[in-house]
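Please construct the entire structure, taking both the sequences and the accompanying hints into account.
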Amino acid sequence: MKFKDITALASVQGPARSTAERLNRRCYSVGDMQKLAAKALPKSILDYIEGGGEDEASMRRNIESYNDWSFMPKWGSVENLSLKTTILGGPSSMPLWLSPTGGTRLFHPQGEIAAARAARAAGVPYGLAHLSTTTMEAVSEATPGLRRWFNMEPTNDPALLQAVLDRVSNAGYEALIVNIDCRDIGHRERDYRNGFTAPPSIKPKTVLEGALRPRWALGFITSDAIAFPNLDAEVPTGPLTSTPDMWRTLLAGAYEPTDWNDLAEIRARWNGPIILKGCVNPKDAAIAAGMGFDAIQASNHGGRQLDHMASPMDVLPEMVAAVDGRMEIIVDGGIRRGSDVIKALALGADSCAIGRPYLYGLAAAGEAGVAHVLKLFKAEMHRTMALLGVTSVAELKEGGRELIRHRRELFVPGPAESNQVAAAPEPELSLADMGTP
Numbered sequence: 001m002k003f004k005d006i007t008a009l010a011s012v013q014g015p016a017r018s019t020a021e022r023l024n025r026r027c028y029s030v031g032d033m034q035k036l037a038a039k040a041l042p043k044s045i046l047d048y049i050e051g052g053g054e055d056e057a058s059m060r061r062n063i064e065s066y067n068d069w070s071f072m073p074k075w076g077s078v079e080n081l082s083l084k085t086t087i088l089g090g091p092s093s094m095p096l097w098l099s100p101t102g103g104t105r106l107f108h109p110q111g112e113i114a115a116a117r118a119a120r121a122a123g124v125p126y127g128l129a130h131l132s133t134t135t136m137e138a139v140s141e142a143t144p145g146l147r148r149w150f151n152m153e154p155t156n157d158p159a160l161l162q163a164v165l166d167r168v169s170n171a172g173y174e175a176l177i178v179n180i181d182c183r184d185i186g187h188r189e190r191d192y193r194n195g196f197t198a199p200p201s202i203k204p205k206t207v208l209e210g211a212l213r214p215r216w217a218l219g220f221i222t223s224d225a226i227a228f229p230n231l232d233a234e235v236p237t238g239p240l241t242s243t244p245d246m247w248r249t250l251l252a253g254a255y256e257p258t259d260w261n262d263l264a265e266i267r268a269r270w271n272g273p274i275i276l277k278g279c280v281n282p283k284d285a286a287i288a289a290g291m292g293f294d295a296i297q298a299s300n301h302g303g304r305q306l307d308h309m310a311s312p313m314d315v316l317p318e319m320v321a322a323v324d325g326r327m328e329i330i331v332d333g334g335i336r337r338g339s340d341v342i343k344a345l346a347l348g349a350d351s352c353a354i355g356r357p358y359l360y361g362l363a364a365a366g367e368a369g370v371a372h373v374l375k376l377f378k379a380e381m382h383r384t385m386a387l388l389g390v391t392s393v394a395e396l397k398e399g400g401r402e403l404i405r406h407r408r409e410l411f412v413p414g415p416a417e418s419n420q421v422a423a424a425p426e427p428e429l430s431l432a433d434m435g436t437p
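The sequence shown maps to residues 1 to 437 in UniProt numbering.
Certain hints may be false.
Stated by the list, open to error - Derived DSSO-like pairs (lysine-lysine); straight-line CA-CA distance at most 27 Å:
no. : residue 1 : residue 2
1   : K84       : K74
2   : K375      : K74
3   : K203      : K39
4   : K375      : K39
5   : K39       : K205
6   : K375      : K84
7   : K84       : K397
8   : K35       : K205
9   : K378      : K39
10  : K378      : K35
11  : K74       : K397
12  : K205      : K43
13  : K203      : K43
14  : K375      : K35
15  : K378      : K74
To be clear, the hints were calculated from the coordinates, so they are not data collected in a lab. Note that the structure is a prediction, hence the values are computed from the model and not measured.
Shown next as structure tokens:
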């Protein structure tokens, strides 16, 4: 081949004209976005995203559990493939939404507003955490038309509960996400080593890490103080301020002892949909369905609370059976690919939620980074469904169990070969095969 033939095959790209174009050229997966986030953030801040409870076994299991399931595609025409679905009775462009995350402006100055705007552009719901760093009213003002849900802790104070619910309703949030896995805070050892205590302890290495990430440091210094303005029933006035008590709530926990009666009180006082977040026990899911809750978010808090807690994917089939269609099932934890979402839906989930993946995008490139993560997921879900032979979310949920197998189902050993794959049977030979005259 001549040199001119080689150059004719080559396509020389000019410089990227936007952040979105740069991400399209460089980032082909959530893993790529994770690497960019690692370059953008001080290690102690990245550890706050990445870390889990104690030995982080639950966090690792969340990811591993998806690898235990394999696809078995069916053959046939795939036309007019669509990811559109309904979540909590409303429209969504795909069966995926952004789960609430605390302390979001630690990762990028635009914080929750950047994530919410990306969700609106993608046509998916957005959950705002009670430990968010932007007021719920500011997020609403910045994202008209977005399906917004608010995350809160249960309380046994009826007056405080009603005041909080009134504020949430007045701010334009259509649904509640109620945590039921935070009776105590998880033992997150990475945070303790990095000085993420209550209040924070700034260590020399933290200062050095910040100096090595000047873009992050400049954004952090020039932005409003990191505060948690949605913990109270009243709308804050004036500039946000940070106090040791706020950090103690975020990092050490300040949760009340509550029970099913307190959850029933929330159900009675809130007229919209309610998701119970943090359940992996099928019996609890059945109780919640009987009490009239609208959805369970099968979750172990991303492995950040009780270590060695079951992965949602490990218990999903049993939860589906326990709920028996009486409420929606949402899955989070360990989702890194669109194919993970498709696996969950094939097992009976109605939708999935992500936290860490979009935080990687936020840390790497703000709103454009979150938008790119959602774009990656949408493309991966579309491709997976096409290759699987499924044209709609409804078709996947109805017949998906026939298209997926657990590794234990792919090989069921017999009594004589408990630890090895059964040998293929010897073919029967005819007389002609044996050369008999």
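Evaluation of the provided hints:
Only pairs whose Cα atoms come within 27 Å are accepted, and K84 paired with K74 is accepted, the gap being roughly 21 Å. Our distance criterion of 27 Å between C-alpha atoms is met by K375 and K74, whose separation comes to about 26 Å. For the given pair, K203 sits about 20 Å from K39 by alpha-carbon distance, which is consistent with the 27 Å threshold. A distance of roughly 22 Å separates the Cα atoms of K375 and K39; the hinted pair therefore holds under the 27 Å criterion.
A distance of roughly 16 Å separates the Cα atoms of K39 and K205; the hinted pair therefore holds under the 27 Å criterion. As the CA atoms of K375 and K84 are separated by approximately 14 Å, the hinted pair is consistent with the 27 Å bound. Distance restraint check for K84 and K397: the Cα-Cα separation of roughly 13 Å lies within the 27 Å cut-off, and the hinted pair is therefore satisfied. Under the criterion of a C-alpha separation no larger than 27 Å, the hint pairing K35 with K205 is consistent with the structure, at around 21 Å.
Our distance criterion of 27 Å between C-alpha atoms is met by K378 and K39, whose separation comes to about 25 Å. Of the pairs offered as hints, the one joining K378 and K35 holds, with about 20 Å between alpha carbons and a cut-off of 27 Å not exceeded. With a CA separation close to 15 Å, the supplied pair K74 and K397 stays within the 27 Å bound. Distance restraint check for K205 and K43: the Cα-Cα separation of roughly 9 Å lies within the 27 Å cut-off, and the hinted pair is therefore satisfied.
Of the pairs offered as hints, the one joining K203 and K43 holds, with about 12 Å between alpha carbons and a cut-off of 27 Å not exceeded. The suggested pairing of K375 with K35 holds, with an alpha-carbon distance near 18 Å, which does not exceed 27 Å. Only pairs whose Cα atoms come within 27 Å are accepted, and K378 paired with K74 is accepted, the gap being roughly 21 Å.
Figure legend: structure checked against the earlier numbered hints; every hint is met.
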